[in-house]
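Two chains, two frames, a set of hints: combine them into the complex.
Quick mapping for you: the protein sequence lines, in order, are chains A and B. Numbering-wise (the numbering used here), the first sequence opens with residue 1 and increments by one. Numbering-wise (the numbering used here), the second sequence opens with residue 1 and increments by one.
Please keep in mind that the hints were generated in silico from the structure rather than gathered at the bench. These numbers were taken from a predicted model, which means no experiment stands behind them. Among the hints, a few may not be true.
[To be verified] Computed beta-carbon distance windows for the label pairs:
hint, chain 1, residue 1, chain 2, residue 2, range
1, A, GLU48, B, LYS6, 52 to 58 Å
2, A, ARG43, B, SER8, 55 to 61 Å
3, B, GLY128, A, VAL39, 33 to 39 Å
4, A, ASP115, B, LEU182, 19 to 25 Å
5, A, LEU41, B, TRP11, 51 to 57 Å
6, A, GLU48, B, GLY128, 54 to 60 Å
7, B, GLY128, A, GLU52, 49 to 55 Å
Note that CB positions come from ideal geometry on N, CA and C, so glycine has one too.
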Amino acid sequence: MLYAITALFLCQLAGELLVQWLGLPIPGPLIGMLLLFVVLLVRGGVPEALSETSGHLLRNLMLLFIPAVTGVMLHFERVGREWLPFLAAGIVGAAFTMAVTALTLRWMIRITGKDAE
Amino acid sequence: MTPPAKLSEIWVFLAQSPLLWLSLTLLAYLGALWLHRRSGANPAVNPVLVSVIVIVGVLLVTRTPYDTYFEGAKFVHFLIGPATVALAVPLYGQLGRLRRLWLPIGVALLVGSVAAIVSAIGIAWALGGSHELLMSLAPKSATMPIAMGVAEKIGGLPSLAAVAAAVAGISGAIMATGLLNLLRIREPAVRGFAVGMAAHGIGTARAIQVNETAGAFSALALGLNGIATALLVPLLIRLAAFF
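Just chain B, with the same shape it has in the complex (with noise of 0.2 Å):
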């Protein structure tokens, strides 16, 4: 008979094991949804947000190295990408307002899309952000994997232009409820719109939790900014570029 194993030695193989780091993520986040209910649904308790604290608090003190976890937690990155498919079953419910409302929205959208790469190197550049963080943060408000895409292109890194998406989602999420009351903006499409603009697929993961029409207009500026900011960051770069 085996002697039995030491829990060092079972801490051994459950660290290298996908299994932990799985049922460690949706741990976090079903513990963060519990969270965020109890809070009484206030967006200042993001899920997304709760969640990563936890896991990188779990992280440091057990010093396991990110890519050990990702091994795991890749099986829950991999939906992603079909999650963002599943983005058109919404938005074809909103056909009716898509045919009403095309002018309006590609005007936002060209409006809207300058004013988040502007800002963003504006406000970075005012306060002395490097050459390197400036380029990384252009495209931040465009969903993750654009982002990193136009961050290479124009002299950024890709993972930090990563973490400026995160910011940016995470902060837009939390704060879209609030803003959009202060400006009295109450159409769900208009405030869904607003929301993809400005934080993605983590806003968007927000509005559809709000509203089902906010949802599927988040999930609409989400697409139509992610093609955008790949079009418009590098043409704007090339003209401040003359100046």
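So here's chain A without its partners, still in its complex pose (with noise of 0.2 Å):
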């Protein structure tokens, strides 16, 4: 487990440095994710250690949502001001993006006449 944790921290630190180095407008997390993945392409497979690390974690990843979603209460006022558009454009925006992407996409895998399966 110890040597999971810290895959996943260097593979972090390595994001966190990359993004700093060529000033990329995208969290270290996400280009650490990106080089996890090329280096499990690389050993072709995943550690058995790790695989079982990673599922502890994303199994309450929605644990990790609470602090910063708690800070909704900085901004009742703002909010509460102008609650209409912004919670409209918030939950029907969500509909409308999960809609039209579902539908690409499987439009998309029709006419490739590829299998998602």
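What follows is the structure in structure tokens.
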């Protein structure tokens, strides 16, 4: 487990360094995810310990968002003032995005004759 | 012998300690998970939403500032970084599908990302939102740190963008099952990809609960849409300035 956690931290660290060095407009952890993906590709498989540790982390991914989302309490006043455009754009916009993406992907899979299974 | 401390003194001590707010976060989450299971895994009983309602309630009643709370909760918050890196593992498990579907995925990414940005700005504009609000909403379907950075660059408020991303993430996670059933989308890969595009990390957390393939494709969409949003939002805003 210690090796797996260290590997995750190191990938994130390398991601953060690359972001700083190249001035990328993308957060370090996303680059870290890409780096780990490449490492797994080169290695040709996922070590047991890594698959277990990442499984534990990802099963409780919802927990990790709670502190940031609680920050909503700092914005009650502003959201209260413009609640209708804010919530409508957030909620209806998310529904529209999800529907358009799903329909486009399914349609593209059909016309390219591929199979998603 | 020192006299026993008064209750208020104990509270003053506890309220300053990170342990209290860290424990509250974990307890609220465990309670929300229990409620979610009790509801028969009803997506409307979203564990993030329920936990945040409970925690905000406690903070308001005890008049605790968010900064004091975050001193404790930051230990949990910190793990978002390594967890994001860990998404590479399920993604690697989908290597075969990724190789086969790269063209459909690329097209759906472009169309979906533009749809996310244009719909958010369009709806808020039509309902009379201020310029600052529009610019904070534009990157709402990207993962939170990207949404904050992009909003700042185009004249929005980073922290309001974080709230907009939370609204998109939570509502997307709640509506995904119903909406995708309504559209008769059955393939887990397509369902997961759509959820990740619209509802980033919070949607991905939900997709992982439902199906392994859906979770992996949601993670893929979260990563790709993060990059696409960072590139497309400034571009689309510049284009819009011509009209």
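The hints, checked one at a time:
1. Between GLU48 (chain A) and LYS6 (chain B) the C-beta distance comes to about 53 Å, which sits within the given range of 52 to 58 Å.
2. Judged by the Cβ atoms, the range 55 to 61 Å given for ARG43 (chain A) and SER8 (chain B) holds: they are separated by roughly 57 Å.
3. Checked against the hint of 33 to 39 Å, the C-beta distance between GLY128 (chain B) and VAL39 (chain A) comes to roughly 49 Å, which is inconsistent with it.
4. In this structure, ASP115 (chain A) and LEU182 (chain B) meet the distance hint of 19 to 25 Å, their C-beta atoms being roughly 23 Å apart.
5. Range check, LEU41 (chain A) to TRP11 (chain B): about 53 Å between beta-carbon atoms, so the 51 to 57 Å window is met.
6. Against the hinted window of 54 to 60 Å, the Cβ-Cβ separation of GLU48 (chain A) and GLY128 (chain B) comes to about 56 Å, which satisfies the hint.
7. Roughly 51 Å separates the CB atoms of GLY128 (chain B) and GLU52 (chain A), a value that falls within the hinted 49 to 55 Å.
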